[in-house]
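S.K.: Since chain A is already given, all that's left is putting chain B on it; use the hints.
There are 2 protein chains.
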Amino acid sequence: MERHAICLDLGGTNLKGGIVSESGTLTMHRSTASEVNRGKKKILQNLIDMTAVLLRDGKNSSVHPEGVGVSTPGIIDTTFGGLTGGAVNLPGWSNTPFMRVLHEHFDLPVFAHNDVTATALGEATYGAGVGMRHVIMVSVGTGIGGGIIIDGKLYEGGTGYAGEIGHLVTVAGGHRCNCGIKGCWEEYAALRGILRTAAQFLAKDRKKESIIHSMLEVESLSPRMVFDAARGGDPLAQRIVDEIGKNTAVGIGSLINIFDPEMVIVGGGIAEAGSIYMNAIKAHIQEWTLEDSLEGVRLVLAKLGSRAGIFGAAALVFRNINRYMK
Amino acid sequence: MERHAICLDLGGTNLKGGIVSESGTLTMHRSTASEVNRGKKKILQNLIDMTAVLLRDGKNSSVHPEGVGVSTPGIIDTTFGGLTGGAVNLPGWSNTPFMRVLHEHFDLPVFAHNDVTATALGEATYGAGVGMRHVIMVSVGTGIGGGIIIDGKLYEGGTGYAGEIGHLVTVAGGHRCNCGIKGCWEEYAALRGILRTAAQFLAKDRKKESIIHSMLEVESLSPRMVFDAARGGDPLAQRIVDEIGKNTAVGIGSLINIFDPEMVIVGGGIAEAGSIYMNAIKAHIQEWTLEDSLEGVRLVLAKLGSRAGIFGAAALVFRNINRYMK
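Protein sequences appear in the order of chains A and B. Residue numbering for the first sequence follows my numbering, beginning at 1 and increasing consecutively. Residue numbering for the second sequence follows my numbering, beginning at 1 and increasing consecutively.
Chain A on its own, in the form it takes in the complex:
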């Protein structure tokens, strides 16, 4: 009989849960408010409640999950059984040994990982990367996060900080990133870079011919606005999207040159723009990639969307449970 896992995806707004089979079927999908402002006890209780409900629902369908996987913001310390930091939007969640609590409460093995990494693992295992051994996941949103899957395994580096691909320096000495480094890729290709690029192009449009100017009378500048205008045929917006594609392709090209992956998956909030975004990246990728390496790589959009965290939690369980049982 196929194995199943309880999968939890804790975000700043919602706590999502579900039961995922080893082959990747999601059932019993549920979502509830994370209630991060009500403190760590409440968050923990919500995790316990969600797990209990899912176990009960599973039991009613004769499904008996063998482990619990958790995707959460922050840096996990498995020895401690919880976060040691890094989750700025979940005050108090650091220093909560939620893994240990869940384990003791349900007598099931519990596996957890940082959400960015879990998302990458989910996409690589159950999404766009099915069947691939060497995958780089690039999540473009406020910043650029990533996950590096090498030879089928998550690469975590010497001390667990690997995969900070947003802090590849692509414009040495350029705009200062939040991290302090001048010229990080994410400062050009993620939210701030996209807004800066758009503002620069709009400022040069003296005659205000772009439709974006009228859109700005209603709401403030956003990547979605630019992509919508470009899709609608606005020439200035299309030039901005082209520039976004170029700035994004620089970093992806460097990653391909270093890793020679089989696949690069592009996901995250910005990638929700879809094919117009991917086409802009593809239009520029060969400018920044070695010919031999580019030949062997597929560049694709993420497939799982907001369910990537759930599937990542599932991948965590099924990748680690055998080792746990020994």
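Fair warning: there could be bad hints in the mix.
The list cannot tell twin chains apart, which means a pair is met if one copy fits it or any two copies do.
[To be verified] DSBU-like cross-link-like pairs, simulated, lysine-lysine; straight-line CA separation at most 30 Å:
no. : residue 1 : residue 2
1   : Lys204    : Lys282
2   : Lys282    : Lys208
3   : Lys182    : Lys204
4   : Lys282    : Lys303
5   : Lys59     : Lys42
6   : Lys303    : Lys208
7   : Lys40     : Lys59
8   : Lys59     : Lys208
9   : Lys40     : Lys207
10  : Lys59     : Lys41
11  : Lys182    : Lys282
The set of hints was computed from the structure by calculation and includes no laboratory data.
M.R.: The following block gives chain B in isolation, referenced to the frame of chain A:
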């Protein structure tokens, strides 16, 4: 009894050979001309002769090597048993199944790899990286080559082209690299970048106060000249070295952010300048590296020098021979 390997390092000028024990002792070290201009048959004969001499010398000392390791320029195809290309300085060496020939001639397992990768493997296994699991080797010379050792294993990527760290784009849209990409790291931090930087600084030195101007009356500009002048206290040369350190640190910082290695080993022709070069890199590394990642990493000079290829060949044998025997 300890195991031994015949180790060959084929270069454009010399063919070096030796017997290396599994614990890393090099004996019977020999060197002869590669004679690359005399065609592939002659190169192959030289490899056979060197192997035969080493086996005989070994036998006289009761040492019986169990395999042959070869470090060579170019891209190895193990199925074919030789290069499929990439060795521009060894015309005809591509399409020579030297691995198969050596194997049939000596009835020993033969392992071979690209020289840049072999050098990295040598340094990681028997040189500066002894005992480390996650090592990045950066070889700075005419270009920047590298080797990525992850969890003790060589990372070769999806199709064998991984590790082209010289083609990390650090100055997007900058000087065009030989590969066609504008702004590759090696275009700034390797030979051409160093010479360009030096020329720019010298041009600004209108009063010709730097000692380098008088050195240029005797020979043409070289990195060695700049490092020598800097070591001698020449202020302009010291500023050039500082700039070289900055340009080199950009790429190393990006690699640390991505890989979170335990150690970065800097080697290659330029690194022969030694501590003055390393100190210049270290003076700038924190400008380009995430604080958390920098904490866990050691930045060191390569130790093995011109013997790294030989030791790399040894590492190839001892890393693979068990799998081969099965």
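S.K.: Could you run down the list of hints and mark each one as holding or not?
M.R.: A quick look at each hint next to the structure:
| no. | hint | in the structure |
| --- | --- | --- |
| 1 | Lys204 with Lys282 | within (26 Å within a copy, 41 Å between copies) |
| 2 | Lys282 with Lys208 | within (29 Å within a copy, 49 Å between copies) |
| 3 | Lys182 with Lys204 | both (25 Å within a copy, 26 Å between copies) |
| 4 | Lys282 with Lys303 | within (18 Å within a copy, 42 Å between copies) |
| 5 | Lys59 with Lys42 | within (25 Å within a copy, 74 Å between copies) |
| 6 | Lys303 with Lys208 | neither (37 Å within a copy, 62 Å between copies) |
| 7 | Lys40 with Lys59 | within (28 Å within a copy, 70 Å between copies) |
| 8 | Lys59 with Lys208 | neither (61 Å within a copy, 85 Å between copies) |
| 9 | Lys40 with Lys207 | neither (53 Å within a copy, 67 Å between copies) |
| 10 | Lys59 with Lys41 | within (27 Å within a copy, 72 Å between copies) |
| 11 | Lys182 with Lys282 | both (26 Å within a copy, 17 Å between copies) |
Hint check: violations occur at hints 6, 8 and 9; the rest are consistent with the structure.
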